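If you read the protein sequences in the order shown, they are chains A and B. Numbered continuously in this note's numbering, the first sequence closes out at residue 693. Numbered continuously in this note's numbering, the second sequence closes out at residue 693.
It should be emphasised that the hints constitute simulated quantities derived from the structure, not laboratory data. Fair warning: this is a prediction, and the values are worked out from it, not measured in the lab. Built from N, CA and C at the ideal position, the CB exists for glycine as well. A few of these clues could be false.
[As the list claims (entries may be wrong)] With the C-beta cut set under 7 Å, the calculated list includes, among others, these residues of chain B facing chain A:
1) P300
2) M338
3) I400
4) Y578
Number of protein chains: 2
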Amino acid sequence: MVRVNSHYQMLRAGYLFPEIQRRIKAFTAKHPEADLIRLGIGDVTEPLPAACRDAMATAVEAMGTRAGFHGYGPEQGYHWLRQAIAQHDYRQRGCDVEADEIFISDGSKCDTSNILDILGDDNRIAVTDPVYPVYVDSNVMAGHTGPADDQGRYGGLQYLPLTADNDFCAPLPATPADLIYLCFPNNPTGTVATRAELQRWVDYARSHEALILFDAAYEAFIRDPELPHSIFEVEGARDCAVEFRSFSKNAGFTGTRCAFTVVPKALTGRTSNGDAVSLWQLWSRRQSTRFNGVGYVVQRGAEAVYSSAGQAQVTRLVTFYMENAAIIRQQLRSLGLAVYGGQHAPYVWVRTPESRSSWQFFDQLLQEAHVVGTPGAGFGAAGEGYLRLSAFNGRAQVEAAMARIARCNLR
Amino acid sequence: MVRVNSHYQMLRAGYLFPEIQRRIKAFTAKHPEADLIRLGIGDVTEPLPAACRDAMATAVEAMGTRAGFHGYGPEQGYHWLRQAIAQHDYRQRGCDVEADEIFISDGSKCDTSNILDILGDDNRIAVTDPVYPVYVDSNVMAGHTGPADDQGRYGGLQYLPLTADNDFCAPLPATPADLIYLCFPNNPTGTVATRAELQRWVDYARSHEALILFDAAYEAFIRDPELPHSIFEVEGARDCAVEFRSFSKNAGFTGTRCAFTVVPKALTGRTSNGDAVSLWQLWSRRQSTRFNGVGYVVQRGAEAVYSSAGQAQVTRLVTFYMENAAIIRQQLRSLGLAVYGGQHAPYVWVRTPESRSSWQFFDQLLQEAHVVGTPGAGFGAAGEGYLRLSAFNGRAQVEAAMARIARCNLR
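Looking at chain A on its own, in the form it has when it is part of the complex (with noise of 0.2 Å):
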């Protein structure tokens, strides 16, 4: 008979967002008349910007012509929108990266997970703890890891917190890694990282001849001129890390799909044999080989980000984000609880009170609030005894739902 990955039974439970929406679903059945307010997976909920709209309408009716029609496109993407990207994203920023460095993909979700496919099964892997469930699932999937002990760790994965003890500032491995996974602002912590934080990783990274899988995804919500966007701000950053960025949470393309991943030409990692192999050339095999680039249409989307309305657009949905966030980062601390994140990220992390689980403080929120967070505990053994709260929502919405959880006994 036909033999299954084996790695897939190590995994624990469900992936944490179907199990989140298992208790959800359970609940509704429960109480059909409940109105819900969602703060729990990080999805956006206001319109495309207008920019995006148009842009995408122009190329659906493009695509009714011969002229216009566009079939497969080259599957690292289009080069205007790798030159958009290069110009508005790197270099205007002062960062060293071109546009064929650039590859256009349909989600970093997918990107930091198929990054694994080009790497070797035998490195020495480092993760946050909390950490965004992807990379290690992932990681379990490709065997990589041992079992998971009774707090969820995997055997095999340096795990490095990154909690209110530390600051959020993860320390470096203790003993030397060669993949490196490191997502700031945060999720789910919702912190930041300082550039002199960057500049120690990439110090690391290149001492150790080690991989910096950046997670980039929320930069837009950076509010201080002085943080980093991106990890190329940083000296040193292209001789050791990989970047993953989004069109998801900036501007509100979880359901139209566009992200892109940036892998500097010079970037090299070793063969069995001790050969040196560049990276580039192994991911931009592997997207051609196994992935067919993303929609015209969408990508056209996705470019129109970079217009001056756009940006404009883009800026407006990430400050009211971001007011959301300031509401439940005040509304909480009000409540005497004890908040962090939530200034230059979209996620606002909680110590849950009286010592509460993260599932019972879930559980409670879900039952007396109807309001849904996500457990701490869902990314990871030091995420125990946090809720991550989303500032995705309408306001009316994240006002609703602080006055609800202010109504829940805390005690």
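Given the coordinates of chain A, work out where chain B should sit on it, guided by the hints.
Chain B only, in chain A's frame:
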């Protein structure tokens, strides 16, 4: 230093289509005035059906309102699209396929490659020869093969010839296979499998507990109502087959990106412990963790394929391309060439004249006729001595291409 996936080093030269692009680029650099006619890459050329465009335009507009905005959708696709597919593509043809056995994706190329993620590394694999290169290359990348020999055949794969000599009915595997890739209507040969032929494969798979990966991306081009469009039209296939389908070729979605994979719920494979596990569950988990679904606008476009207007428009498109195929078949036959396929598939498989190699004939047509084909050898050793011509182009282009080929020296 970070280790890479060393298996990539075993891949031969470039992936076929990029290599063709390279030769075209070199040719046009020397002959910028040449008016190339592309019958190479199987990319459609005619406008996206109006029904799809209308649905997409409406969806784009809806994304501009808070009520009509769609963020993350289900990773497996929207139920309304899965339902439409189950009804029109399966139940109407008497196939027992449920909506939740249909997984919407951004392409069959991706899916036929990604399916390996949930399968073991120790399956004995059989492919036809010639073969769609992605089936082979994705196995090479996953480390399922040895190095390639001089003819391009990778160690560890069982190649089943699909040639004029066996009337394009590949022999059953001589040594048992656990995983069998089949594509009918076939890419590249343009030939098709009868119900009896598919039954022979299903019977083999059931008696050997093997899994068939059935690529039906070209089913819409079948003209004979007696021929099966789906492997699930064959008795027992639900116990042994996964099917891949796409909107790329029927509805012109190559640049829009929507496809789907059917995984029957009862289908199982074995873990290394010998436990039977559900492939449906593994695929659900893989897609939840490593994929984010297809954009809302695109899924609305795909749904419109099943409207009555959409069905009429797709039928017209398919008929148009199949008229092209008939012209190609007829004209090349009149030149004394042996041609196959092209009756139930948009590909015509041409024997090269006078024992020219595939690449020699490719280069001759490029240089003398300014016509781009695809060398059969690019699809495998048994494709040597053939060239694939695609029916995907305008009528004037197809007729001009045939007139130019008629002026070539085919002796």
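Quick rundown of the hints versus the structure:
For the restraint placing P300 (chain B) at the interface with chain A, the shortest Cβ-Cβ distance is roughly 6 Å, inside the 7 Å limit, so the hint holds. Taking 7 Å as the C-beta cut-off, the interface hint given for M338 (chain B) holds, the closest approach to chain A being about 5 Å. Among the interface hints, the one on I400 (chain B) holds; its C-beta lies about 5 Å from the nearest C-beta in chain A, closer than the 7 Å criterion. A cut of 7 Å between beta carbons decides the hint on Y578 (chain B): the least distance to chain A is about 5 Å, and the hint holds.
The structure fails none of the hints (numbered hints given earlier).
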